[in-house]
Amino acid sequence: MTTLLQQVSEALAATVEAVSPGIVRVEARRRLPASGIVWSTDGIIVTAHHVLEQDEAIRVGLQSGQTMPATLIGRDATTDLAVLHVSSVDLAPPVWAEPDLASVRVGHLVLAVGRPGQRAQATLGIVSALGERWRTPTGGLLDRYVQTDVVMFPGFSGGPLVNAAGQVLGLNTSALLRGLSLTVAISTLRRVVDLLRAHGKIRRSYLGVSTQPVRLPAMLQERVGQETGLLLRTVEPQSPAEQGALLLGDTLIALDERPMRDPDDLLTFLSTDRIGATVRVRIVRGGQVQEQAVVVGERP
Amino acid sequence: MSHILQQMSDAMAAIVERVRLSLVQLHNGRHGMGAGTVWQADGLIVTNAHVV
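Protein sequences appear in the order of chains D and L.
Residue numbers 184 to 483, in the numbering used here, belong to the letters of the first sequence in order.
Residue numbers -19 to 32, in the numbering used here, belong to the letters of the second sequence in order.
Bear in mind the hints are in silico, worked out from the structure with no lab data behind them.
Ideal Cβ positions, reconstructed from N, Cα and C, are used throughout, including at glycine.
Check each hint, because a few of them may be wrong.
Claimed, not checked - Cβ pair distances, simulated, as ranges:
#1 L:His30 to D:Gly248: 52 to 60 Å
#2 D:Glu239 to L:Val26: 28 to 36 Å
#3 L:Val(-1) to D:Pro420: 49 to 57 Å
#4 D:Asp439 to L:Gln5: 33 to 41 Å
#5 L:Val32 to D:Val478: 45 to 53 Å
#6 D:Pro320 to L:Ser2: 19 to 27 Å
#7 L:Trp19 to D:Pro483: 50 to 58 Å
#8 L:Met13 to D:Gln395: 21 to 29 Å
#9 L:Ile(-16) to D:Glu239: 45 to 53 Å
Said to hold, decoys possible - Not everything, but these chain D residues come out facing chain L in the computed CB check (under 7 Å):
#10 Gln190
#11 Ala194
#12 Val289
#13 Pro442
#14 Arg444
Using the sequences and the hints given, assemble the complete structure.
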C-alpha cells in the first residue's frame, strides 16, 4: 500500500520536473512575479494579461536561473492573455495535449505548475468542469476552457495545467472569473497568440457605451417582441455612440434587427468585422421607439 | 513513469461518469439552478430544500 502511494508521489514529482523547463517566471509587477509558458523555441512566451502591470522593463526567468529582458508583443484583457518575446537559445516548450481537450474528462487528475520564484511550484487537483464557447465578462471569447479545483497560489497565473501524462492542457488564470481557477485551452491560446503576434491586440468594434438590462413596459414588450432592452448608462464623449446621437437614458432594443436583450448580445454583436460598418440602431426614447444610424468604431 | 497517474486519473473520471446518470439538474422557474440525485428508478429525486 505504501508502495502505491510512493509510486503516485514519485510520478507526480517526475511530472512536475519534466514540465518545469517550459515554465518561466514573469517579472512585470511590483508584487510577486507570476508565471509564463514557453510557446516556441524562437522566443515566444505566453502569460496572463493581468500579471503584467507594466508594458516595459519586463524580465523573464528561466529554469537555468538565467534572467533576461522580454518585450511585450501584445496583450488582450478580454481573454486575459499576453505574448512576450525573449532572445534566448535556451527555450524548451512543454509537450501540449493534442488534439486540444478531446481526451479530458471531468474527474481527471491535473497539476497546476507555476514559477513565481526561482524554482517550479505545483498544486494538485481534478478537472471540475469542461466548458465550451464562453464569453468572458469583458467580452473575450474562449472556445473551450477547463475549470479545476487546483489552488492557484499567488503568481501561478500564466502557468500551465498539466494532465497525468505530463501534457499541457492550457494556461491557468485566476482573474477571468473571480474565485475560480480557469484554464484557457490551447485552441483559444493559438488563436489569440496568432492575433497578438499579427496586430499587438485583438481588434474589436466599439460603440462607447455601458449598458444595463432593463425590463420594458408591458405595452412596449408586445410592440418590439422582447421583454428586456439595454439602458445606456454612460455614453463616452466623442464615441461612435455620441456621434450617432445616442443619449444617456436611451434603451437599446436592436442593432441591425438583432435583439439586444442583455449585455452579452451587445458584446457578441461587436465583433472585429463590424469595425467601420453603419448599423441601424433601434432605441426607446421617451417611450417612443425610433431608429437611427450609427457608424461602429474600433475600440481604443 | 506517469503510467500510474494516468490509471488513477482515468479511474477518477470513470467514477464521475458512473454517477452521472443518477444526477439531475433542477430549475426552479426563477433564476435558481441546483442539482438533484435520483433516489428511486420510478422518478423520485432528492435535493436540498433551499434549491426548490
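Now the hints, each set against the structure:
1. L:His30 to D:Gly248: 52 to 60 Å: holds (53 Å)
2. D:Glu239 to L:Val26: 28 to 36 Å: violated (58 Å)
3. L:Val(-1) to D:Pro420: 49 to 57 Å: Hint holds: Cβ distance 56 Å, inside 49 to 57 Å.
4. D:Asp439 to L:Gln5: 33 to 41 Å: Because 34 Å falls inside the window, the suggested range holds.
5. L:Val32 to D:Val478: 45 to 53 Å: The hinted range 45 to 53 Å holds for Val32 (chain L) and Val478 (chain D), with Cβ atoms some 50 Å apart.
6. D:Pro320 to L:Ser2: 19 to 27 Å: violated (33 Å)
7. L:Trp19 to D:Pro483: 50 to 58 Å: At 56 Å between Cβs, range holds.
8. L:Met13 to D:Gln395: 21 to 29 Å: holds (23 Å)
9. L:Ile(-16) to D:Glu239: 45 to 53 Å: holds (46 Å)
10. Gln190: holds (5 Å)
11. Ala194: The hint holds - Ala194 (chain D) has a Cβ within 7 Å of chain L, the shortest such distance being about 5 Å.
12. Val289: holds (5 Å)
13. Pro442: violated (20 Å)
14. Arg444: violated (15 Å)
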